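In order, the protein sequences belong to chains A and B.
Quick note, the first sequence lines up with residues 2 to 341 if you use this note's numbering.
Quick note, the second sequence lines up with residues 2 to 341 if you use this note's numbering.
Because the hints were derived from the structure by calculation, they are not lab data.
Mixed in with the good hints there might be a few duds.
Simulated coverage check for chain B against chain A, where a stretch passes if three residues somewhere in it have a Cβ under 8 Å from a Cβ of chain A [unchecked claim]:
hint	stretch
1	61 to 67
2	131 to 143
3	258 to 267
So the derived list for chain B, only partly shown, Cβ under 10 Å to chain A, looks like this [to be verified]:
hint	residue
4	Lys44
5	Asp47
6	Pro84
7	Thr87
8	Gln170
9	Gln174
10	Val239
This one's a predicted model, so the numbers in the text were calculated from it and none came from an experiment.
Backbone N, C-alpha and C define an ideal beta-carbon position, used for all residues, glycine too.
Protein chains: 2
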Amino acid sequence: MKEVVLHYATYGKLNQKRDNAVLVCHALSGSARIADWWPEIVKIFDPKDHFVIGINLLGSCYGSTGPRSIDPDTGSIYGDSFPVVTILDSVRAQKILLDHLGVELLQAVVGGSIGGMQALQWAVEYPEKVSKCAAIAATPLSAMGLALNHLQRLAIFQDSDWNGGRYSQQPEQGLTLARAIATCSYKSADLFQQRHARLSNRNGDSPYTALKGRFDIAGYLDYQGSSFIKRFDAASYVSITKTMDTFDFEKIYGSEKEAFQRIKAEILLVGVSSDWLFPAKDVKALTTKLKEYGVDARYCEIESSHGHDAFLADFHLLIPALAEFFEYKSNLLCSQSMPC
Amino acid sequence: MKEVVLHYATYGKLNQKRDNAVLVCHALSGSARIADWWPEIVKIFDPKDHFVIGINLLGSCYGSTGPRSIDPDTGSIYGDSFPVVTILDSVRAQKILLDHLGVELLQAVVGGSIGGMQALQWAVEYPEKVSKCAAIAATPLSAMGLALNHLQRLAIFQDSDWNGGRYSQQPEQGLTLARAIATCSYKSADLFQQRHARLSNRNGDSPYTALKGRFDIAGYLDYQGSSFIKRFDAASYVSITKTMDTFDFEKIYGSEKEAFQRIKAEILLVGVSSDWLFPAKDVKALTTKLKEYGVDARYCEIESSHGHDAFLADFHLLIPALAEFFEYKSNLLCSQSMPC
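Modelling step: build the complete structure from the supplied sequences, incorporating the hints.
This is the structure in structure tokens:
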């Protein structure tokens with residue numbers, strides 16, 4: 002085992018009772034600085050009253066040890082020799098950090114997507130440490146989810162700049178394509194249709210006559226891809242998608258039953274009606290299983306055309322469920338959004 | 002305009018009345034030899050009684066003029082200077098061929114996916130020439146369909162072997178990835194889950210510990226991709242996916258109303274319950290529009306977990322609808338499958 006660095010950010014202070022800590026787990030391309038990418042969550046857990054913690058995932062490119070870090074054994078970049086990090090590995094590392102910060106109990110652990118995987122893993126692995134756990138649009142990946150992650154990594158590996166993750170110039174084309182594939186799975190077909198339909202690209206392309214003439218949706222995907230490469234690293238993308246893949250209770254605890262019977266926290270699972278990557282029916286089925294094994298679990302579904310991305314793009318729809326679950330009142334709770 | 006070659010295959014003979022011709026239009030990677038890739042259709046339209054015709058699409062790599070053909074103006078391979086071929090272009094070329102063969106009326110034109118696009122285009126463009134038209138899992142592509150085609154072409158263009166389509170060794174990695182992306186859209190998430198779930202790849206990979214260790218679904222997709230490159234050409238793949246993209250009645254006829262009011266044929270549209278690329282609801286909505294504009298159109302939906310591929314993989318489910326529509330009786334019509 003080698004030493005790792007965890008980059009973290011905290012908002013507010015731990016109170017004397019040490020019972021006001023909230024861990025917010027980030028999704029694939031997020032960072033420890035949760036107020037930057039999920040500002041609404043810091044309104045729900047106001048740092049005046051809460052000690053809110055964000056921790057950058059192992060494997061990420063935002064400060065924690067990742068594949069572009071130096072391997073102390075070789076003095077060179079890890080690249081593709083960076084170990085596969087499981088969700089459990091990351092959560093165990095987070096636990097060491099929280100111990101160091103003096104956190105004895107998490108009042109709440111919350112996250113969406115791979116953030117939700119971490120939240121659930123916390124509830125299973127450290128049952129005494131978690132009071133409430135909310136996981137949004139998160140289950141172990143289905144075969145289709147595993148398929149799409151595989152193809153995204155393949156796009157990166159096929160880029161001649163990949164070089165086993167030991168590049169000077171990152172594999173931009175591969176990462177662009179990977180992000181574009183992912184975007185198709187993060188959004189819904191209905192949203193794409195509403196926004197782009199069969200329109201020609203807004204910059205004046207001619208998709209009916211030119212081989213590389215694009216429809217508007219293609220221009221959008223290219224834009225998503227090329228924006229992403231400015232802020233994210235390909236080797237981290239490979240590493241974190243692998244981390245997502247590994248989330249599997251049976252694998253760690255022998256069976257879902259053995260895993261779920263450990264849980265003492267109250268659990269809220271939220272599904273998104275149009276989520277294609279983590280279908281609502283799978284989130285609902287996971288809730289049913291949790292209940293079967295005695296967990297105090299509840300399910301809420303939000304109606305959104307934003308697909309998987311709804312936990313960020315339609316956050317206001319989440320507020321009633323989160324407010325009810327965390328017994329919290331807020332002026333964020335507007336009349337538009339209905340409790341589940 | 003340049004001369005083109007159309008590769009075609011016929012089964013049976015044109016009768017004296019010249020009223021027994023059936024055109025079977027192939028899907029993306031099919032060929033004129035329809036009995037090879039859709040043998041059941043030649044059982045429905047028995048060559049004893051029918052003159053069945055298959056024509057290789059312009060742009061394909063199975064005999065018709067495509068991007069790997071020699072451009073007579075330059076004496077070199079077309080490559081990416083091969084013109085964008087619309088569905089209408091292909092259908093017009095097919096019409097010239099059928100005139101040459103002495104076919105005055107198509108008793109039936111039938112196809113699935115891009116084959117269904119051609120069938121519908123026939124019914125609109127040559128209303129006097131088509132008696133019955135059956136299009137399975139086909140509508141103009143939605144924004145998501147356009148998105149996925151774009152990403153597949155991008156995968157090919159990004160391969161350093163692409164070389165503007167003027168390669169000596171085809172861009173195998175890009176075409177493999179393109180086919181793997183397509184396979185995710187041809188099948189359904191439920192089918193992937195039933196068949197592969199979260200199993201490790203059957204050849205002994207370790208997806209939980211090795212960066213390139215694969216789950217079974219990943220092994221399946223890689224296999225689909227690497228088999229495909231042995232039988233298909235990357236430049237043709239680029240060309241034909243563009244052809245799919247161009248299928249759009251408004252674009253050609255000014256409006257759907259103007260297009261559909263031309264139709265004189267009876268139309269059968271078939272949707273597949275689990276089709277993600279051409280959702281059943283879109284096929285149904287197209288039927289409704291056809292009816293609105295006075296077309297004798299009917300809709301049938303088959304329940305299959307095979308997704309878009311069901312028109313090939315679950316052909317037996319189509320038989321009742323086709324038999325009823327084409328007023329045909331067959332021992333293929335088994336008790337398992339119910340008329341729509």
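Status of the hints after comparison with the structure:
With 0 residues having a beta carbon nearer than 8 Å to a beta carbon of chain A, the stretch 61 to 67 of chain B misses the requirement of three or more and the stated coverage is violated. For the stretch 131 to 143 of chain B, the stated coverage by chain A holds: 3 residues have a C-beta nearer than 8 Å to a C-beta of that chain, and at least 3 were required. Counting residues of the stretch 258 to 267 of chain B whose CB lies closer than 8 Å to any CB of chain A gives 0, so the stated coverage by that chain is violated, three being the minimum. Annotation: B:Lys44 was flagged as interfacial toward chain A, and the flag is violated, the nearest CB pair being 33 Å apart, outside 10 Å.
For the restraint placing B:Asp47 at the interface with chain A, the shortest Cβ-Cβ distance is roughly 39 Å, beyond the 10 Å limit, so the hint is violated. The beta carbon of B:Pro84 comes within 8 Å of a beta carbon in chain A, closer than 10 Å, and the hint placing it at the interface holds. Among the interface hints, the one on B:Thr87 holds; its C-beta lies about 7 Å from the nearest C-beta in chain A, closer than the 10 Å criterion. Interface hint status for B:Gln170: violated, as the beta-carbon distance to the closest one in chain A is roughly 15 Å, over 10 Å.
Of the supplied interface hints, the one on B:Gln174 holds, with its beta-carbon coming within about 5 Å of a beta-carbon of chain A, less than 10 Å. Taking 10 Å as the C-beta contact cut-off toward chain A, the hint placing B:Val239 at the interface holds, the least distance being around 7 Å.
Violated hints for the displayed structure, listed by number in ascending order: 1, 3, 4, 5 and 8.
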